[in-house]
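The sequence shown begins at 6 in this note's numbering and counts up by one.
It is possible that some hints are incorrect.
Cut-off 35 Å, straight-line C-alpha distance, at most; resulting in silico cross-link-like pairs (DSBU-like, lysine-lysine) [claimed, not checked]: (1) K130 x K224; (2) K45 x K244; (3) K244 x K212; (4) K131 x K114; (5) K34 x K45; (6) K45 x K380; (7) K34 x K54.
Keep in mind the hints are simulated off the structure, nothing from the lab.
All of these numbers come straight from a predicted model, not from anything done at the bench.
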Amino acid sequence: MFAYHCLNPISRVGLDRFTENYMETADPKDADVYLVRSAKLLDASFGPKLTAIARAGAGVNNIPLDRCAENGIVVFNTPGANANAVKELVLAGLLLSSRDITGGIEWVKNNAQDPSIAKDAEKIKKQFAGNEIYGKKLGIIGLGAIGQLVANAAVALGMEVYGYDPFLSVDAAWNLSSRIHHIQNVDDIYQASDYITIHVPATDTTKGMIGRKAFKQMKKGVVILNYARDVLVDPAAMKEALADGTVRRYMTDFATPDVASMPNTIVTPHLGASTEEAEDNCAQMAVKEIRDFLENGNITHSVNYPDLSNGVLKDACRLTICHRNVKDMIRQFTLILSSKEINIANMINKSRGDYAYTMIDVESDIPAQALDEIKAVDGVLRARTITK
6 MFAYHCLNPI
16 SRVGLDRFTE
26 NYMETADPKD
36 ADVYLVRSAK
46 LLDASFGPKL
56 TAIARAGAGV
66 NNIPLDRCAE
76 NGIVVFNTPG
86 ANANAVKELV
96 LAGLLLSSRD
106 ITGGIEWVKN
116 NAQDPSIAKD
126 AEKIKKQFAG
136 NEIYGKKLGI
146 IGLGAIGQLV
156 ANAAVALGME
166 VYGYDPFLSV
176 DAAWNLSSRI
186 HHIQNVDDIY
196 QASDYITIHV
206 PATDTTKGMI
216 GRKAFKQMKK
226 GVVILNYARD
236 VLVDPAAMKE
246 ALADGTVRRY
256 MTDFATPDVA
266 SMPNTIVTPH
276 LGASTEEAED
286 NCAQMAVKEI
296 RDFLENGNIT
306 HSVNYPDLSN
316 GVLKDACRLT
326 ICHRNVKDMI
336 RQFTLILSSK
346 EINIANMINK
356 SRGDYAYTMI
366 DVESDIPAQA
376 LDEIKAVDGV
386 LRARTITK
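Build out the structure end to end from the sequences listed, making use of the hints.
Have a look at this one:
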């Protein structure tokens with residue numbers, strides 16, 4: 006029996022994917038796994054049972070990844086599960102930034118009691134006129150799950166789309182429309198685009214990437230859309246760019262005191278993944294990842310350990326080991342097993358940075374003494390056995 010604890014409300018559609026071998030616990034110390042959305046875990050203490058954390062969403066900046074890795078806690082996320090929801094909000098952002106729809110709506114609300122509102126509307130509507138997005142150049146930075154959906158949708162709307170992603174995957178490339186221009190230098194995005202939308206993770210190399218240097222290359226009157234992470238845009242530089250007209254409109258999903266008070270911005274309160282469908286999709290993917298990990302030892306979409314799969318357990322027992330990525334580990338594992346006359350049927354190993362993961366299928370049960378010896382190997386962070 007496995008115990009899970011939800012640190013945020015998690016869609017019932019996903020939780021119903023757990024079988025009778027799983028139970029929800031109100032006490033996080035009793036949990037084998039956490040399911041989380043936005044709850045802050047950076048300073049949280051973890052119980053000794055905790056084996057995995059599943060983030061029902063893509064961003065994991067609320068989870069201490071390195072500390073979890075050091076404790077042998079595998080952290081998962083659900084990339085792509087909310088991609089369509091974010092894509093639709095980006096498309097809404099494109100339209101709202103092009104025509105002063107929000108200004109027009111506000112005018113109607115403020116004049117709702119005026120008997121001559123219909124006549125006055127005809128006179129005032131020019132104040133809310135804008136541009137069409139058809140035929141305009143859209144630059145997309147990042148062509149992952151969300152970026153590729155935005156790119157294809159923008160092509161369908163008649164935009165001229167330029168995409169930049171130095172780490173474009175083969176799958177993403179196959180999913181992209183042939184009408185998208187693939188750009189090798191992000192500076193070309195800055196220089197050519199009427200609209201620029203960002204879809205990259207927040208890393209040391211991407212934080213503040215939309216700053217003074219980037220703005221100096223952009224067309225006068227460009228529209229910036231940021232539905233990825235607030236830290237990708239330098240707020241001080243954005244304020245200057247809005248003031249001097251370099252940026253005509255800033256669309257973002259991240260309400261901060263700096264940005265919320267800037268003119269010519271439309272700020273939404275982090276609505277990107279806030280649809281019933283996205284929450285259901287994220288929860289279902291998170292539960293699927295957790296079950297495959299706990300029941301088979303397979304890792305899919307981890308953010309602190311390597312992804313590794315050996316399929317469904319077919320032999321008597323599977324040993325899974327989270328360990329540091331140092332030399333001589335495999336030899337020590339196999340030496341311990343062979344000393345107990347345990348025959349290895351299959352073994353796979355993969356590393357990711359400072360950490361590695363090993364799965365060993367054996368033809369007999371692994372006695373407690375052998376498991377204890379493996380846990381005692383210097384560099385082993387967690388080891389467990391899975392039986393049929």
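Verification of the hints:
1. K130 x K224: holds, 27 Å
2. K45 x K244: Satisfied, since the Cα-Cα distance of roughly 29 Å is no more than 35 Å.
3. K244 x K212: Holds. K244 to K212 sits at ~17 Å (cutoff 35 Å).
4. K131 x K114: holds, 17 Å
5. K34 x K45: Holds - the C-alpha atoms of K45 and K34 are around 16 Å apart, at most 35 Å.
6. K45 x K380: holds, 30 Å
7. K34 x K54: holds, 7 Å
No hint from the list above goes unmet by this structure.
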